[in-house]
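Engineer: Line by line, the protein sequences are chains A and B.
Here the first sequence stands for residues 3 to 345, where the numbers follow my numbering.
Here the second sequence stands for residues 3 to 345, where the numbers follow my numbering.
Hints are supplied without guarantee of correctness; some may be wrong.
Pairs involving identical chains hold if they fit within one copy or between any two copies, as the list cannot separate such chains.
As the list claims (entries may be wrong) - No farther apart than 27 Å at their CA atoms in a straight line, the calculated lysine-lysine pairs in the DSS-like style are these:
#1 K281 x K256
#2 K184 x K282
#3 K189 x K9
#4 K125 x K49
#5 K168 x K84
#6 K281 x K189
#7 K152 x K256
#8 K168 x K184
#9 K53 x K108
#10 K223 x K257
#11 K63 x K256
#12 K257 x K152
#13 K189 x K282
None of these hints come from the bench; they were simulated from the model.
Protein chains: 2
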Amino acid sequence: MSAKNPKVAVVGATGAVGREMLEVLAQREFPAAEVVPFASSRSAGSKVEFKGAELTVRELKEDSFAGFDLALFSAGGSTSEKFAPLAAKAGCVVVDNSSAWRMDPKCPLVVPEVNPNDLSWHKGIIANPNCSTIQMVVALKPLHDVARIKRIVVSTYQAVSGTGQKAIAELEGQVVRLMNGKEIEPKVYPYQIAFNCLPQIDVFLDNGYTKEEMKMVNETKKIMGDDSIRVTATTVRVPVFYGHSESVNIETEKKLTVEEVRQILASAPGIIVEDFPEKKIYPMAVNAAGQDDVFVGRIREDESIENGINLWVVADNIRKGAATNAVQIGEELLRRNLLRVPS
Amino acid sequence: MSAKNPKVAVVGATGAVGREMLEVLAQREFPAAEVVPFASSRSAGSKVEFKGAELTVRELKEDSFAGFDLALFSAGGSTSEKFAPLAAKAGCVVVDNSSAWRMDPKCPLVVPEVNPNDLSWHKGIIANPNCSTIQMVVALKPLHDVARIKRIVVSTYQAVSGTGQKAIAELEGQVVRLMNGKEIEPKVYPYQIAFNCLPQIDVFLDNGYTKEEMKMVNETKKIMGDDSIRVTATTVRVPVFYGHSESVNIETEKKLTVEEVRQILASAPGIIVEDFPEKKIYPMAVNAAGQDDVFVGRIREDESIENGINLWVVADNIRKGAATNAVQIGEELLRRNLLRVPS
Numbered sequence: 003m004s005a006k007n008p009k010v011a012v013v014g015a016t017g018a019v020g021r022e023m024l025e026v027l028a029q030r031e032f033p034a035a036e037v038v039p040f041a042s043s044r045s046a047g048s049k050v051e052f053k054g055a056e057l058t059v060r061e062l063k064e065d066s067f068a069g070f071d072l073a074l075f076s077a078g079g080s081t082s083e084k085f086a087p088l089a090a091k092a093g094c095v096v097v098d099n100s101s102a103w104r105m106d107p108k109c110p111l112v113v114p115e116v117n118p119n120d121l122s123w124h125k126g127i128i129a130n131p132n133c134s135t136i137q138m139v140v141a142l143k144p145l146h147d148v149a150r151i152k153r154i155v156v157s158t159y160q161a162v163s164g165t166g167q168k169a170i171a172e173l174e175g176q177v178v179r180l181m182n183g184k185e186i187e188p189k190v191y192p193y194q195i196a197f198n199c200l201p202q203i204d205v206f207l208d209n210g211y212t213k214e215e216m217k218m219v220n221e222t223k224k225i226m227g228d229d230s231i232r233v234t235a236t237t238v239r240v241p242v243f244y245g246h247s248e249s250v251n252i253e254t255e256k257k258l259t260v261e262e263v264r265q266i267l268a269s270a271p272g273i274i275v276e277d278f279p280e281k282k283i284y285p286m287a288v289n290a291a292g293q294d295d296v297f298v299g300r301i302r303e304d305e306s307i308e309n310g311i312n313l314w315v316v317a318d319n320i321r322k323g324a325a326t327n328a329v330q331i332g333e334e335l336l337r338r339n340l341l342r343v344p345s
Numbered sequence: 003m004s005a006k007n008p009k010v011a012v013v014g015a016t017g018a019v020g021r022e023m024l025e026v027l028a029q030r031e032f033p034a035a036e037v038v039p040f041a042s043s044r045s046a047g048s049k050v051e052f053k054g055a056e057l058t059v060r061e062l063k064e065d066s067f068a069g070f071d072l073a074l075f076s077a078g079g080s081t082s083e084k085f086a087p088l089a090a091k092a093g094c095v096v097v098d099n100s101s102a103w104r105m106d107p108k109c110p111l112v113v114p115e116v117n118p119n120d121l122s123w124h125k126g127i128i129a130n131p132n133c134s135t136i137q138m139v140v141a142l143k144p145l146h147d148v149a150r151i152k153r154i155v156v157s158t159y160q161a162v163s164g165t166g167q168k169a170i171a172e173l174e175g176q177v178v179r180l181m182n183g184k185e186i187e188p189k190v191y192p193y194q195i196a197f198n199c200l201p202q203i204d205v206f207l208d209n210g211y212t213k214e215e216m217k218m219v220n221e222t223k224k225i226m227g228d229d230s231i232r233v234t235a236t237t238v239r240v241p242v243f244y245g246h247s248e249s250v251n252i253e254t255e256k257k258l259t260v261e262e263v264r265q266i267l268a269s270a271p272g273i274i275v276e277d278f279p280e281k282k283i284y285p286m287a288v289n290a291a292g293q294d295d296v297f298v299g300r301i302r303e304d305e306s307i308e309n310g311i312n313l314w315v316v317a318d319n320i321r322k323g324a325a326t327n328a329v330q331i332g333e334e335l336l337r338r339n340l341l342r343v344p345s
């Protein structure tokens, strides 16, 4: 165990995000002394790839975390609720990708490009935000700093990989069956996702919004550290494998021109501006797939209000929306010498 | 030639919308004395189906319209620009589905549920609005009448059939090739449409918006007869065959509750409210396909402003978005005894 070369656990290592966490740890050369994959008893014993080698997945147990410095969790809310506190108690800092701890006032909710300073008050569990929220706040924070965002109206176009491996298989399977004139039977989603748009992500709440929509409302305020930002969201699943796209409309206190927005975003961390309409250059899910950056384009002045801007924001939901952001939090903890559970 | 049993020309009869016009004329039992399909010389001589029989497509010529009462055009802007005035001159009323005449102050732009009275001042050419605009104004007009809509923020999820037969074939072809691990070569769209979202519909204008986006802005004001409505749009092509979906956010002058919106829309013409979140009932493209109504659901109060409502609006873009609306205009002209070119 060393602060410089931490021992890392990946919990939920056989899932879509877990596998990508291993991939990102390798690609970004995270200076781990060791990386150990964990999963439920069902997947324990199976193999996952890491740096060209095969690692055997260990069963997640209550005493699994002794000797570990960092655990990246992506194993669902109930696993996180039970095991994240056990890890922290064992001295292992948790970066949790579920929604279990995100709105807990004792847990920072962090996007390294946006609010890295919130890491300073962590108590052992740091929450990784919702995928659609991460890419939006990366794009909006630099504009908020300059012009103060008063209101956000966002509509999303979300890929099936956000639901996990089984949803990727469901879209594949439905496409093949439909193209062969066969009936389909939706299992992961309530209705056909192939060649359709589903205006439901996660469950419905009493106010008529889905949980996903309210995550975008609430997590945005917490990450941006500004409860005065008003947000309304419509989140939609589309038949895309990788990459969430978002149509984002903002109203700012101070006027921003299109050129100013381009310049601010071009020099902001984690963002690539792709915005040459005359050359048909704009962000697209298929291009963002496999990338760590947030792509922003279709920057337009919204003339329906005094200070309005429309943006099209795209990122790989499994990478920047989940695995990459979690690994970046680990990197930032190392850099700030915060990879320890405060006593 | 009789006002009660008009002789009808369908111009562009071999295209996706033209075929659907024939289908809708038959299904709605439009009281035509005769229906004659026209197309360019390239398609002349080919056969199209009408009421179980095969009709031979005639070549469109300058003198084609003698003896006709009504011509439904869906053959592209340049054909409409040239032939619609010739038809009108020959005493044949034109309902034109291209964008050629929509913003012409001498041509009414009509959605029968919204502004049927505008038919009274037609001079021979009536414009059929843009597909994404039609379904939105059907849903919004009843709310505007009660609460006055001040601002609309809309993001669309548009099907490939809006581009025509060749785009349907392109999505099919790309899906098959990609599922077989083969390379694709986009032709109709600038980039891959399968498993992707393209934030470009039609060409870009100088203000950074696409033509499709500005159609939604300008046509909405003309159809609703209210230039004070502020509109901003982001229009996106998604890998769906039939059915446009729209995430519509409105700000009204008078407060509307969700229940009020449901009641207003449920009793409005041409609308079916599908809005039981607790039962996972909401509009979807695959369900709207083949239907003539506009489906509205996901009705929510937008708490980010004082008087805000979010809606999810879905319709078959080839039917209500094009063919059905054109035929309904024909029906309304008959009913109002307006199926004649004023001298």
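Engineer: From the Cα coordinates, with 27 Å as the cut-off, is the pair K189 and K9 best called within, between, both, or neither?
Structural biologist: Answer is neither; intra-copy 38 Å and inter-copy 50 Å both fail.
Engineer: Is it within a copy, between copies, both, or neither that the alpha carbon of K281 lies no farther than 27 Å from that of K189?
Structural biologist: This pair counts as between: shortest inter-copy Cα distance 16 Å, intra-copy 41 Å.
Engineer: Between copies, within a copy, both or neither: which fits K53 and K108 at Cα up to 27 Å?
Structural biologist: neither (35 Å within a copy, 69 Å between copies)
Engineer: Checking an output row: K184 and K282, CA cutoff 27 Å. Within, between, both or neither?
Structural biologist: Between copies only: 24 Å across chains, 37 Å inside a chain, cut-off 27 Å.
Engineer: Have a look at K223 and K257 and pick one of within, between, both or neither, based on CA distance no larger than 27 Å.
Structural biologist: Answer is both; intra-copy 21 Å and inter-copy 26 Å each pass.
Engineer: 27 Å Cα cut-off: does K168 pair with K84 within a copy, between copies, both or neither?
Structural biologist: This pair counts as within: shortest intra-copy Cα distance 24 Å, inter-copy 54 Å.
Engineer: Checking an output row: K257 and K152, CA cutoff 27 Å. Within, between, both or neither?
Structural biologist: Cα proximity of K257 and K152: in one copy and across copies (12 Å, 21 Å).
Engineer: Up to 27 Å between alpha-carbons, please classify K281 paired with K256: within, between, both or neither.
Structural biologist: The answer is neither: 30 Å in one copy and 43 Å across copies each exceed 27 Å.
Engineer: Is it within, between, both, or neither for K125 and K49, if the alpha carbons may be no more than 27 Å apart?
Structural biologist: Cα proximity of K125 and K49: none, with 32 Å in one copy and 74 Å across.
Engineer: Evaluate K168 and K184 at a C-alpha cut-off of 27 Å and name the case that applies: within, between, both or neither.
Structural biologist: both (20 Å within a copy, 23 Å between copies)
Engineer: Should K152 paired with K256 be assigned to within, between, both, or neither, using CA atoms and 27 Å as the limit?
Structural biologist: For K152 and K256, the Cα distance is within 27 Å both inside one copy (10 Å) and across copies (22 Å).
Engineer: Could you figure out if K63 and K256 sit no more than 27 Å apart (CA to CA) within one copy, between two copies, both or neither?
Structural biologist: neither (52 Å within a copy, 57 Å between copies)
Of the numbered hints given earlier, the model fails hints 1, 3, 4, 9, 11; all others are met.
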